[in-house]
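Assembly of the complex is requested from the two constituent chains, each provided in isolation within its own frame, with the hints serving as guidance.
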Amino acid sequence: MNNIIEIKHLNKNYGKYDILKDVNLNLDQGKIVGLCGPNGAGKTTLIKILSGLLRAYEGEVLVDGQPIGKNSKALISYLPDIHYFDDSITAKKADSLYKDMYADYDSQIFLELLEKMKLDYDQPLKKMSKGMKEKFQLALCLSRQAEIYLIDEPIAGVDPASRDLIIETILGTYHEDALIIISTHLIQDIEAVLDEVIFLKEGEVMLHENCDELRERTGQSVNEVFREVFRWSEN
Amino acid sequence: MVGKLIKHEFLDSRKSFMPVIGLIFGSTLVLTIFVKTSLQNNSMAFVNSILLLIFFGMSVAIAVMSLMAMIDLLYKSIYNKNGYRLFTLPVKSWEIVAAKIIVTFIWGIIIGLITFITFTIFLVIVTNGADTVKLIGSLMSYVISELELRFIAASLISFISSNIITITILLFVGSMMNSAYVQNRRGLKTFILYLVITSIVTRITAGFTLNQNILDIIFQETVIINPGILEGFDPLVDGWHHLFTINTWVDGMQVMLKVAFLELIISGLFVFGTIWFWDNKLEVID
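First to last, the protein sequences are chains A and B.
Once you know that position 226 of the first sequence is 226 in the numbering used here, the rest is easy, because the numbers rise by one and skip nothing.
Once you know that position 78 of the second sequence is 313 in the numbering used here, the rest is easy, because the numbers rise by one and skip nothing.
Hint data in this document are derived by calculation from the structure and do not stem from the laboratory.
Treat the hints with caution; some may be incorrect.
[Claimed, not checked] Straight line, CA to CA, 30 Å or less: simulated DSS-like cross-link-like pairs of lysine-lysine: (1) 126/A with 116/A; (2) 31/A with 16/A; (3) 311/B with 133/A; (4) 126/A with 271/B; (5) 70/A with 311/B; (6) 239/B with 126/A; (7) 133/A with 92/A; (8) 311/B with 250/B; (9) 93/A with 327/B; (10) 201/A with 271/B; (11) 239/B with 250/B; (12) 516/B with 316/B; (13) 130/A with 116/A; (14) 70/A with 127/A; (15) 327/B with 99/A; (16) 369/B with 126/A; (17) 369/B with 130/A; (18) 516/B with 493/B; (19) 369/B with 271/B; (20) 516/B with 92/A; (21) 311/B with 493/B; (22) 424/B with 8/A; (23) 99/A with 316/B; (24) 250/B with 8/A; (25) 70/A with 239/B.
[Stated by the list, open to error] Which chain B residues face chain A? A few, computed with CB under 8 Å, are given here: (26) 239; (27) 243; (28) 250; (29) 251; (30) 293; (31) 322; (32) 327; (33) 418; (34) 514.
It should be emphasised that the depicted structure is a prediction, and the values quoted were computed from it without experimental measurement.
Here a beta-carbon is modelled for each residue, glycine too, at the ideal position from N, C-alpha and C.
This is chain B alone, in the form it adopts within the complex (with noise of 0.2 Å):
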């Protein structure tokens, strides 16, 4: 049933993050035309500054549009008219909580890839070359090889964790609001909630990271003392060694897994109580 309730928790988002995939199109094209007339004519200033504008605008527009989705996706779609199709579903509430975590995954890695797509895109087109999709590749491998494979399974895990913190504050948040202790207001007083508990976990997994450097990127002594040495630097020949290395630190690393860890047991407790919220405590009301 999760699998069912994914594929229609996927479907009915779709109308909030789409706009977003379409805004992330927009914004790398004005971009793209911003860096051409750019280099191909300076009398076109004005012009440049209207698309530079743009671009910044639509930057914010994402941002916003993104974080509009997000609450879409697990608030409204949960609350209010919407409870009555959710609720009356012949699911258990973990598979709600399931479902509405694995669809927001879903987004997140569909836009970071679009975002990346696209952005791969406007550097072969600014850079007139096929070579830019085969210097980003080797980029990618290079990058890849310097990090050791439990550094980046623990990158990995991290991103995760902060993820899941995220969505499962929002939930809970919103299952609090909406049950019989709160009878009005809820939208004000979940946003205000919310960031009281946001920051007050932000402080306690702030309090692990201080001072711990997670990696280094060493940029090698010729190339800063002597930046000309680029000129003629072919990573692809020469390899990325040359202009810098990755140093990565095992203690930032496990200071990353144990907040990691910690960020996962304070998510299973939020998810706890949203299910307890909604099997005790809910109250849908229009």
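Chain A on its own, in the form it takes in the complex (with noise of 0.2 Å):
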């Protein structure tokens, strides 16, 4: 497998504070990464690099060789941890929007995940309730037959019935070649679907493994071992 991902020596900032440390990571196509650390690890700073929305970094950001701009975008299906469409599009306009500006999105797959999480093709973002808000979005992200997912924090702030619905969703749309990162802190709700998985602490990365490597070496869960890992005790 090609890494469609390659990331070396990346340090980024805000300000004073250093968020990412000297991160070097290589990704694969085809895999489900889990991309793992407490709130302030780094997590969505790495996805907003990669996804193009922080351009100021050093180190080396390689999306299939090329530096983030216009053909690494076309190839990333970002689903922010944010509402980020105004309050007034609906299905029918996002529909639209995508429609003209991506070419790898399908609309009838969007049609059939709206008809799937229950939401309707007129209906204003003002009159849906923050699930439905991110089922619309999720539903945009996994319509787009992307090469690269980065999927921030879908299951946090959302009920168990609904992240099984989630977590399903996903991995019934997205194609087989396609690398899915998922960042998450809930790892026990993930950990069945994960192919890799990479701790991220304090913005350096901790670890990076394949998961049954992992439990294989350590005689442990991927949840037991972040939790160590972050010193986190059992509830």
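And the structure:
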């Protein structure tokens, strides 16, 4: 497999605060990667750099061999951890926007996902609940046949039933040659679907390993290793 | 791709500009009622005062809302949570800049046309005459015939350059204040820097235009000495030249073109700066 994402000596700071420290990562296509760490570990910053929202950093970030720009953005489907659409937008308008802007967008998939998630094509976002807005953004993100999916905290703040639906939808929609990076601190909910895991702590990569190999090496689940690395106590 | 960006920028910005258009129609309606009641009934002084007050209030609202709509289009729709959508689109930064400039111009033209049309309708209603349209048409034909083609072209270039510089300053300042160099109070800092840069640019360009007349409207001496001569005057029959003529000054036109050229060069630098900041220092934070 090719390294579709190559990150070399990446450093990022906000003013005097170092957020990412000498991050080095190579990620292959066809994998589901969990980007795990507590709040403030730098997960969202790393994802925002890959998606092109943060352009001031040190080091090298390549997507499919090219620096961040128009071409990398065409390959990446990004689901942020915030509601970023204007409240007046409807699924119909978003459908039209994505049709025009993304060559890999499949309107049919979007309509199917709307139906599955019980969302109305003409309903403006302002009339949707928080959970519905999250599903709406997820549906748009997954309706692209992208090479890379960057999914930031998709299951934080939603009820367990919705978590299952979200994970099931992601797994049921993406194409298998794609790379999926799912950022989360709720590792137990997604452990079963991960191929690889990255632990970020205070901006540094503590661990990047195949999940099966990690379980075999430590004799523990990824969640248990996670708790140990971050010194979290079991509930 | 620029065409598709323009389409979506235009559709998205409707919610900011449509209220301005609504207010133009509304204020013209209020003005029409005011003039009609003033002409027909002097005993409605109180109502007329209220109508006039409403009209001025709406005029101020048009100015304020136009400014807000422009800020929405050239700043708010670019940064904070809107940046998540805009800067993840597979387009180059220059395409975003081009789309923003073109859409701002399109709205300027739409609002200008609507203002002209509503004002014409207002004149037709208050004068009770279909001849008003002919009168306006003949006045415009006369003005255009009095101006040389090169003067019209120079005025158009000057209009475009002065608008482009306003747009590009705002884009540039926004890109600088939403970069890694600025971590907080970005909106306020953008506003302050915009005022500073605008005042500097205005001082530079104003240095060229001092004491330079571009055109003179000269009313006929007989009209000034004896305004009574206008009784029974019909410009459609007698011609506007009996009322006034227009003189254009080549020196003034050349200065106007030099200023326009300078504004376009400065705008080019601001565009370059905006693209550089977006490509190298952008920080979209919510």
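How the hints compare with the structure:
1. 126/A with 116/A: 20 Å, holds
2. 31/A with 16/A: 35 Å, violated
3. 311/B with 133/A: 21 Å, holds
4. 126/A with 271/B: 43 Å, violated
5. 70/A with 311/B: 22 Å, holds
6. 239/B with 126/A: 25 Å, holds
7. 133/A with 92/A: Roughly 14 Å separates the two Cα atoms, so the pair holds.
8. 311/B with 250/B: Status holds; Cα separation ~13 Å.
9. 93/A with 327/B: Judged against 30 Å, a Cα distance of about 22 Å means the pair holds.
10. 201/A with 271/B: Roughly 74 Å between the alpha carbons, so the hint for residue 201/A and residue 271/B is violated.
11. 239/B with 250/B: At roughly 19 Å apart (the allowed maximum being 30 Å), residue 250/B and residue 239/B satisfy the hint.
12. 516/B with 316/B: Holds: residue 516/B and residue 316/B sit about 17 Å apart, inside 30 Å.
13. 130/A with 116/A: 17 Å, holds
14. 70/A with 127/A: 33 Å, violated
15. 327/B with 99/A: 18 Å, holds
16. 369/B with 126/A: 49 Å, violated
17. 369/B with 130/A: 58 Å, violated
18. 516/B with 493/B: 33 Å, violated
19. 369/B with 271/B: 21 Å, holds
20. 516/B with 92/A: With Cα atoms ~34 Å apart, residue 516/B and residue 92/A exceed 30 Å; violated.
21. 311/B with 493/B: 33 Å, violated
22. 424/B with 8/A: Violated - the C-alpha atoms of residue 8/A and residue 424/B are around 34 Å apart, more than 30 Å.
23. 99/A with 316/B: 21 Å, holds
24. 250/B with 8/A: 44 Å, violated
25. 70/A with 239/B: 15 Å, holds
26. 239: Residue 239/B check passes; min Cβ-Cβ to chain A is 4 Å, inside 8 Å.
27. 243: Holds - the Cβ of residue 243/B comes within 8 Å of chain A, reaching about 6 Å at its closest.
28. 250: Cβ of residue 250/B sits 6 Å from chain A, so the hint holds.
29. 251: Check failed: Cβ of residue 251/B comes no nearer than 11 Å to chain A, outside 8 Å.
30. 293: Status violated, d = 24 Å.
31. 322: It holds, given that the least Cβ distance between residue 322/B and chain A is near 6 Å, below 8 Å.
32. 327: 5 Å, holds
33. 418: 5 Å, holds
34. 514: 6 Å, holds
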